[in-house]
Amino acid sequence: MRFIILFSLVAICCAQDLLESNSLNIEYMRLIKMESPRFESVFELASFEESQKDMSHALNSLILPGWGQYKNGSTTTAFIFLGVEIAAWTLYAVYNAKGNQGRTDVNAYVDNDQSGFNRLRYYHKIYKRTGINVANENDLFQTDGSGNYAADDGTAYNQLRQSAIWQQLRNAEHDYGDGTHMLPESKTQQYYEMVGKYSMFIAGWGYIDDPSYNGPMPTTYYSEFGNGVEYGWPESGRNNRPGFIIDYNDLRDHMNSYFGTSKWMLRTVVMNHVISAIEALIVGKQGNKHLNFEYESRLLYGGQIDRLKINYRF
0 MRFIILFSLV AICCAQDLLE SNSLNIEYMR LIKMESPRFE SVFELASFEE
50 SQKDMSHALN SLILPGWGQY KNGSTTTAFI FLGVEIAAWT LYAVYNAKGN
100 QGRTDVNAYV DNDQSGFNRL RYYHKIYKRT GINVANENDL FQTDGSGNYA
150 ADDGTAYNQL RQSAIWQQLR NAEHDYGDGT HMLPESKTQQ YYEMVGKYSM
200 FIAGWGYIDD PSYNGPMPTT YYSEFGNGVE YGWPESGRNN RPGFIIDYND
250 LRDHMNSYFG TSKWMLRTVV MNHVISAIEA LIVGKQGNKH LNFEYESRLL
300 YGGQIDRLKI NYRF
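Residue 0 is where the sequence shown starts when you use numbering that gives the first Met the number 0, and the numbers rise one by one after that.
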């Protein structure tokens, strides 16, 4: 009889609470002498299942942005994250391709047979500084003696590397560059960067042997290398450099700009995955706030009090 009366009172209170706040609160409390893990287990199981669901949706979005949002029922948000993903990968592909084309353009500019950088020409200038004399100078450096050199396709250069004076040339280059910069022995990306970045390598460019180009240029850019006068340009002031170096730098700037944009697109992809996962987790947890379990167990007055509270919000 007392149970029926108690149940009726609970039902009336719940109905009143439901009408007043659009929420249902059920609270159960009992005093027992022994441990009662039953309600604690129910609470932990419910929380664990909801937590697993939230984490699953977050993991879905971490794999594919928008997936977790779709499972949370947020279709619009899901398409936004998915759209960002598609756009970022598309722009990455576009700008990475432009960067690769820019690299090809830079390499072609450097490798131009007539006006570009030629390692035979460069080491021939180094040779003139050393004071070394060899009988087959023109044959060794593949030149006609009038500033024209064989194409730097690797064959003639490899023959030079195998010559008896190669190490002397490298030592002289080391001294000329104060030991800070030496030309890589193969055409790596570092090679293509160094030849236009550091003034000491200006000696290898075809432009310096072109009278039509030398005429209007200040002699401070390149004096006679063989007489020991240093090549170079002012360290500050981009426009104070030779025109062909300015053109080279423009090509490299375009290339680096494209690659820089493509890297930002990759960062956008990563951030999109992370933000989508966090958003899916937060919204998932917010969505579960309509059902809340609270369990408390205390020792009081020589006994154990178990308290279970269920709150449901509409």
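It is possible that part of the hints are untrue.
As the list claims (entries may be wrong) - Below, simulated DSBU-like cross-link-like pairs (lysine-lysine); rule was C-alpha separation at most 30 Å, straight line:
id, residue 1, residue 2
1, K196, K127
2, K262, K186
3, K262, K97
4, K262, K196
5, K127, K70
6, K97, K196
7, K186, K196
8, K97, K186
Read the hints as simulated data drawn from the structure, not as lab findings.
Given the structure is predicted, the values throughout are model-derived calculations rather than measurements.
We went through each hint and held it up to the structure:
{"no.": "1", "hint": "K196 with K127", "result": "holds, 23 Å"}
{"no.": "2", "hint": "K262 with K186", "result": "holds, 25 Å"}
{"no.": "3", "hint": "K262 with K97", "result": "holds, 13 Å"}
{"no.": "4", "hint": "K262 with K196", "result": "holds, 23 Å"}
{"no.": "5", "hint": "K127 with K70", "result": "violated, 74 Å"}
{"no.": "6", "hint": "K97 with K196", "result": "holds, 22 Å"}
{"no.": "7", "hint": "K186 with K196", "result": "holds, 15 Å"}
{"no.": "8", "hint": "K97 with K186", "result": "holds, 21 Å"}
Against the hints set out earlier in the document, a violation occurs for number 5 only.
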